[in-house]
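Visitor: Each chain, written out:
Number of protein chains: 4
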Amino acid sequence: MLAADAMDAIRTFMAERDWAQFHEPVNLAKSISIEAGELLECFQWSDDADPERVRSELADVLTYCLLLSDRLGLDPEEIVLAKLEETGRKYPVEKSRGRSAKYDQLPD
Amino acid sequence: MLAADAMDAIRTFMAERDWAQFHEPVNLAKSISIEAGELLECFQWSDDADPERVRSELADVLTYCLLLSDRLGLDPEEIVLAKLEETGRKYPVEKSRGRSAKYDQLPD
Amino acid sequence: MLAADAMDAIRTFMAERDWAQFHEPVNLAKSISIEAGELLECFQWSDDADPERVRSELADVLTYCLLLSDRLGLDPEEIVLAKLEETGRKYPVEKSRGRSAKYDQLPD
Amino acid sequence: MLAADAMDAIRTFMAERDWAQFHEPVNLAKSISIEAGELLECFQWSDDADPERVRSELADVLTYCLLLSDRLGLDPEEIVLAKLEETGRKYPVEKSRGRSAKYDQLPD
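Residue numbers (my numbering), protein chains in the order written: chain C, 1 to 108; chain U, 109 to 216; chain F, 217 to 324; chain G, 325 to 432.
Careful: at least some of the hints might be erroneous.
Below, simulated SDA-like cross-link-like pairs (lysine to any residue); rule was C-alpha separation at most 25 Å, straight line [stated by the list, open to error]:
1) U:K191 to C:R11
2) F:K299 to F:E310
3) U:K191 to U:V201
4) C:K83 to C:D104
5) G:K419 to G:L405
6) F:K318 to U:D158
7) F:K299 to G:A339
8) G:K414 to C:R53
9) F:K318 to F:Y307
10) F:K299 to G:R377
11) U:K198 to C:I10
12) C:K90 to C:D104
13) G:K419 to C:D50
14) C:K83 to U:M115
15) C:K95 to U:D168
16) G:K407 to G:E418
17) G:K407 to G:K419
18) G:K414 to G:R395
19) C:K83 to G:Q368
20) F:K299 to U:W153
21) F:K306 to G:F337
22) F:K306 to G:A339
23) U:K191 to U:G181
24) G:K414 to F:A231
25) F:K299 to F:G289
26) U:K210 to G:D428
27) G:K414 to F:D276
28) F:K306 to G:S380
29) C:K90 to C:A101
30) F:K311 to G:Q368
31) C:K102 to C:R89
32) F:K318 to G:D394
33) G:K414 to G:E402
34) U:K191 to U:R161
35) G:K407 to F:R271
36) U:K198 to C:F13
Source of the hints: derived by calculation from the structure; they are not laboratory data.
Chain C on its own, in the form it takes in the complex (with noise of 0.2 Å):
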């Protein structure tokens, strides 16, 4: 499973300090877009991010990943595998091989 060893430690940590109580889905999901935004910071005037920074700040949105995965009993590695052959289907491999654009714009 993805994450055994970092899902538990986490666990305990949240078990030791009592957060458990604040990890509603919603504050869960606020809190990955606001690490999110954190992240992007690294990013804002140039595409050129101090590394321990964006180590730092990914590791964020990761650890509330895996804090909204846990409290909504997913397992983080199954559901990127199955959005993974959700998002195949959308995006052959023929018609999107080297572009960028959406599903519903790639040629017929």
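Chain C is fixed; fit chains U, F and G onto it per the hints.
Guide: What follows is chains U, F and G alone, placed relative to chain C:
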């Protein structure tokens, strides 16, 4: 390692479509913010979100996080664990238990 | 015009600091997302936000929106009014009254 | 006042649909982040965005900003001007000219 299988599947998926060319770190950081917004949209007017939509949007955020980790040569599990340790130092158990305050607003 | 005075003040502020060079549309779009995240942070764990912080973060989002409008030669008030008209066509009063549903999920 | 006409039009629009009930500040803050993500999506894979889409998404961000201002009894133009003054104190012209550095990283 976190997401070894998911990561392999993502890499294959992207290679088949020749999409790595679009995956500059800045574009992945933008993508994480965009997908975080779509996840948040599940909770826009109510805390009661459709589980299937949440699953799908959370998977998108996670996928872009894994892509950015991979692009930067980072191990997602490792950075989550390292950040948890840093956060633990800023939020000692005895001061932060049951509080959602920021570390610079914790009691002395 | 919306923000004529605010816009003049912003233009002077930026000119004095020679900051227009950083204000590519893509950077302003990133900045709007980043500041929107900081605004959301006021509401991260509670619906009860500090009014002073909200005022300050909302001002940042607005400022970058005005900068992007200006950069693209758009009149903020005009685009708000035009969009309201478009939205009105997607959400006819009789169908959408008292509902938060998306237009494609409104009753026939 | 900034957006007096736009604000009136927005208020009428919302009253006709009885939508003010959904416009808790926290929901408006979420909406601003969501729409900021849609604006950023115009620039996801390229700096060269479709002007029509940008106009439409920027209008959405602005509309929710005006709604939140209104809900909190704030005058958008006033808060933009007040924040500009605060920012000016953190970024004195002579130190910040031509630099995108954060105020705590400006030269002495």
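Visitor: Does each hint hold? Answer for all of them.
Guide: Verification of the supplied hints:
no.	hint	result
1	U:K191 to C:R11	holds (14 Å)
2	F:K299 to F:E310	holds (19 Å)
3	U:K191 to U:V201	holds (16 Å)
4	C:K83 to C:D104	holds (17 Å)
5	G:K419 to G:L405	holds (21 Å)
6	F:K318 to U:D158	holds (14 Å)
7	F:K299 to G:A339	holds (17 Å)
8	G:K414 to C:R53	holds (23 Å)
9	F:K318 to F:Y307	holds (9 Å)
10	F:K299 to G:R377	holds (11 Å)
11	U:K198 to C:I10	holds (15 Å)
12	C:K90 to C:D104	holds (9 Å)
13	G:K419 to C:D50	holds (22 Å)
14	C:K83 to U:M115	holds (13 Å)
15	C:K95 to U:D168	holds (21 Å)
16	G:K407 to G:E418	holds (19 Å)
17	G:K407 to G:K419	holds (19 Å)
18	G:K414 to G:R395	violated (29 Å)
19	C:K83 to G:Q368	holds (20 Å)
20	F:K299 to U:W153	holds (21 Å)
21	F:K306 to G:F337	holds (13 Å)
22	F:K306 to G:A339	holds (16 Å)
23	U:K191 to U:G181	holds (16 Å)
24	G:K414 to F:A231	holds (16 Å)
25	F:K299 to F:G289	holds (16 Å)
26	U:K210 to G:D428	holds (20 Å)
27	G:K414 to F:D276	holds (14 Å)
28	F:K306 to G:S380	holds (14 Å)
29	C:K90 to C:A101	holds (12 Å)
30	F:K311 to G:Q368	violated (34 Å)
31	C:K102 to C:R89	holds (13 Å)
32	F:K318 to G:D394	holds (23 Å)
33	G:K414 to G:E402	holds (19 Å)
34	U:K191 to U:R161	violated (29 Å)
35	G:K407 to F:R271	holds (9 Å)
36	U:K198 to C:F13	holds (13 Å)
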